[in-house]
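Here's the letter readout for the chains.
There are 2 protein chains.
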Amino acid sequence: MRALRDAVRTGRLAPGVRLPSSRALASDLGLARNTVADAYGELVAEGWLTARQGSGTRVARRAVFQEPAHEPPGGRPSPGSSGGPSGQRSGRSPGQPSRARMGVSVRSSSRPAHDLMPGSPDLASFPRAAWLSAARRALTAAPSDAFGYGDPAGRPELRHALADYLARARGVRAAPERIVVCAGFVQALMLLSRALSATGVGAVAVDSYGLDFHWDLIHRAGLRTVPLSKDEHGTRVEELDSARDVRAVLLTPAHHFPTGMPLSPDRRAAVVDWARRTGGLVLEDDYDGEFRYDRRPVGALQGLDPERVVHLGTTSKSLAPALRLGWMVLPGHLVGEVLAAKSAAERLIGALDQLTLAEFITCGAYDRHLRGMRLRYRRRRDQLVAALAERAPHIRVTGIAAGLHAVLELPPGTERSVVQGAAWQGLALEGLSRYRYAAATEADSDGPGMGDGMDVGKGDGSGGGEGGGMDDGLAGAGGSDGLVVGYGTPPDHAFAGAIDALCRVLP
Amino acid sequence: MRALRDAVRTGRLAPGVRLPSSRALASDLGLARNTVADAYGELVAEGWLTARQGSGTRVARRAVFQEPAHEPPGGRPSPGSSGGPSGQRSGRSPGQPSRARMGVSVRSSSRPAHDLMPGSPDLASFPRAAWLSAARRALTAAPSDAFGYGDPAGRPELRHALADYLARARGVRAAPERIVVCAGFVQALMLLSRALSATGVGAVAVDSYGLDFHWDLIHRAGLRTVPLSKDEHGTRVEELDSARDVRAVLLTPAHHFPTGMPLSPDRRAAVVDWARRTGGLVLEDDYDGEFRYDRRPVGALQGLDPERVVHLGTTSKSLAPALRLGWMVLPGHLVGEVLAAKSAAERLIGALDQLTLAEFITCGAYDRHLRGMRLRYRRRRDQLVAALAERAPHIRVTGIAAGLHAVLELPPGTERSVVQGAAWQGLALEGLSRYRYAAATEADSDGPGMGDGMDVGKGDGSGGGEGGGMDDGLAGAGGSDGLVVGYGTPPDHAFAGAIDALCRVLP
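Chains A and B, in that order, are what the protein sequence lines are. Everything in the first sequence is counted per the working numbering, starting at 1 for the first residue and increasing by one. Everything in the second sequence is counted per the working numbering, starting at 1 for the first residue and increasing by one.
Think of the hints as simulated: they come from the structure by calculation, not from any bench. All values derive from a computational prediction rather than experimental measurement. All residues carry an ideal CB built from backbone N, CA and C; glycine is no exception. Some clues are possibly wrong.
[Stated by the list, open to error] Ranges between beta-carbon positions, derived for each pair:
{"no.": "1", "chain 1": "B", "residue 1": "T199", "chain 2": "A", "residue 2": "R396", "range": "35 to 43 Å"}
{"no.": "2", "chain 1": "A", "residue 1": "N34", "chain 2": "B", "residue 2": "D500", "range": "26 to 34 Å"}
{"no.": "3", "chain 1": "B", "residue 1": "D231", "chain 2": "A", "residue 2": "A175", "range": "51 to 59 Å"}
{"no.": "4", "chain 1": "A", "residue 1": "L31", "chain 2": "B", "residue 2": "R168", "range": "54 to 62 Å"}
{"no.": "5", "chain 1": "A", "residue 1": "R33", "chain 2": "B", "residue 2": "Y293", "range": "56 to 64 Å"}
{"no.": "6", "chain 1": "A", "residue 1": "R276", "chain 2": "B", "residue 2": "G222", "range": "36 to 44 Å"}
{"no.": "7", "chain 1": "B", "residue 1": "T199", "chain 2": "A", "residue 2": "D216", "range": "16 to 24 Å"}
[What the hints assert, rightly or not] Chain A residues, not near chain B, derived (Cβ > 10 Å throughout):
{"no.": "8", "residue": "R23"}
{"no.": "9", "residue": "A183"}
{"no.": "10", "residue": "P491"}
[Unchecked claim] Incomplete in silico selection of chain A near chain B, CB under 7 Å:
{"no.": "11", "residue": "S120"}
{"no.": "12", "residue": "R136"}
{"no.": "13", "residue": "A269"}
Turn these sequences into a full structure, and let the hints steer you where they fit.
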């Protein structure tokens, strides 16, 4: 227990963090419950922890070392705190520590008071005790050669566990030898883009709303992107037929990011049909497929045709972005090309977390964790909807009850000022126009703009003008001014305050 | 203990693997020693384990599932089981499992009976218990935001721990903000190559003996490589002066791979002097700097001029390749460029192993582990030298008493037949000519050759001919036919058998 004490004393455990119950911690550390309870008691008495009935034991609030905000490095400035589907939130690094010694909590002074940025799960809910106990079993049992250079496709234990899990939970038809484990979705998209480029594909269709760094990754592999417009049934996949050299399309069919709509059943069938007819490929980014609150999740598109759909998954929303674990389920004809692309770069990823995740899935802890998080996020979404209905009844929440974010429709022309106003009040959130394809590409050619580190949407906040046909879809669905609210992001104790701050800044 | 029992029963623990002592395991799992001892006893009684005085408790030998050998994927065939300094051993993946279910040991039927391939530490010695206990402390103490998307430079805890450690153990002058954590040496070299390319460097000098996939990585970033010849003082760095557009040089100064010689003090000074005079950069691959057996290790070259030398380290030899953890200590002027290159690719690596390694270093476990491994490898090297002196007295062992490999000089013209003969006897090892720059580049232009999956050296086994000036160095040091013997590779129990097999195949 000395480690816990040191962690709290030196500030490694952030204020407000809820500690596991003494029973849970004791059982995972193999200690008597009294030992843990005594240690907690001592730390409470010393003022390091607070214990309250119903809210558990938490790290007490106090001053922490302040660090200046992180300066983005040389290259392309980081495009604000984006981070939707299976993506990394850039520009949110905790800063380069200077004074901070090992164990000192490093926090940026520019950290917002309230964080509703989309793209992150509730990090305080990472199941540390269950993860450690899976790690203990996995590492104790691993064969020696698991510690060596391994298979670029990933550990066989994990590929088997994923094959079972994805079939059961997402309807994916996945043989282990079709699965390639990778360092999160970003590596998967990079490898796929390179593999497609190597097989002669020239362009990939994308949604007209999405994440600019996904498009960048595709471009960097030498491919063009072609945006597809949207309407209330989701992405207009029929436009694929007129985009002649497009041989692949990147979609988020279960829950579009950011607009929050699923792809309609007709369109699901149509896009698979297009792929069959043309020899094309659908890249299914299933970033939050486990989180559906109003019904059983829609099964993966991949189930319709495993030879024409690549299923892409990640633990970044279900567990933690810091794991950097994702996977692709590939058609047979792509496995060799993707592994070749992987062998030419960072071909291996850490085996220890792979073994641990395999055990975590196999022993049932992953299902348990997801059940718990589903309840938690569902409750948060309900709270958000209820608060808006009461305090801002003119604001409509669109998108299905799923995932970690909701879209709030704003009166035309108000988005930019709302996001800016929120920033002034210490509330971080994202405007919908930030994710517009046109906005991203305009900014790319304009030089300064998107890249200035501001989170303010650069698109036409006035909701019309140059976007032209690409906005028709959202105009049809109610206009293009909106907020993307990441209700998964804050820790539990900060959620009510964040919702309150949100209601205050709405027009 | 059920996990242990399952692991042994299902074959996840490979036959011959030595289990930790019941005392060590009990202490790490927080269990009573008797509990562990009882479980061991039961498994011994059931025939799953064997316990013998002096050799500890081991997994019993028995049939395991056999898998067909791994077919390399589409692209460039993997160049045999190379893997020297901070590099990945390609072509050694355990095969794509098909029948094997989670928990079934997957082994290739083509696995050699005796393995003296260079490039791997003793995987059976991975300090599982100490690592798990560091993981427990680190994860329990980590702030919540450690589970989110992080800083591309790596976790601050690890960069601080490395700064202290590298200063103390290797004489590196490393401020944490100059350290970038990356996924092993391979990612580091890739990022550095891209950063150099982006700053206008056109060519990098390399040793005339080294690893072809390092040269490939440099080429892929758009840079040329220029080989420097060698003599008994190490790499002829004076040749840098006549290679006009070379602005960087990749070296293994403490212990050249594969020839086993250090860079002489004069040459160390000369190469830093060259870098200062020309604005050049030395890339110091310190892959096995911790392992020196006859004296204190020579300090890192970086200590001579932190603004002109990039220090590159890895846990692949000191702990396990499967961790995929390495680091660069960068001159101030390169930090931005390297982070920009990292942000354009896999910018993040798993945080959990980073936090664990930080704790593992800080609590002293890393030093303890290295002390133990130093003793073990030293003993092995002594055994190798003694066996050769007795059974093959005409074979000279060259290179310093350091690292995980030794070079055995062979009579001119015998290398190819010795390596081939060893393969027939189930002994995997590598010929020196396999690492020749000329051999690699010839094979690249010839098409088939190196890439055929054979481990046989492709160079001029006859020790002369087209290599020209580049072989002068080794000719001066006693000829270019030789074996590179990785004495770190086998587990302890297999070492004597491997040495025996080696002595049998020597001419």
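Going through the hints against the structure:
1. B/T199 with A/R396: 35 to 43 Å: Since the Cβ atoms of B/T199 and A/R396 sit about 51 Å apart, the hinted range of 35 to 43 Å is violated.
2. A/N34 with B/D500: 26 to 34 Å: Distance hint for A/N34, B/D500 is violated at roughly 56 Å.
3. B/D231 with A/A175: 51 to 59 Å: holds, 54 Å
4. A/L31 with B/R168: 54 to 62 Å: violated, 33 Å
5. A/R33 with B/Y293: 56 to 64 Å: violated, 48 Å
6. A/R276 with B/G222: 36 to 44 Å: holds, 39 Å
7. B/T199 with A/D216: 16 to 24 Å: Once the Cβ atoms are compared, 21 Å apart, the range 16 to 24 Å for A/D216 and B/T199 holds.
8. R23: holds, 15 Å
9. A183: Not fine: 5 Å to the nearest Cβ puts A/A183 too close to chain B.
10. P491: violated, 7 Å
11. S120: holds, 6 Å
12. R136: holds, 5 Å
13. A269: With a closest approach of 32 Å, the A/A269 hint is violated.
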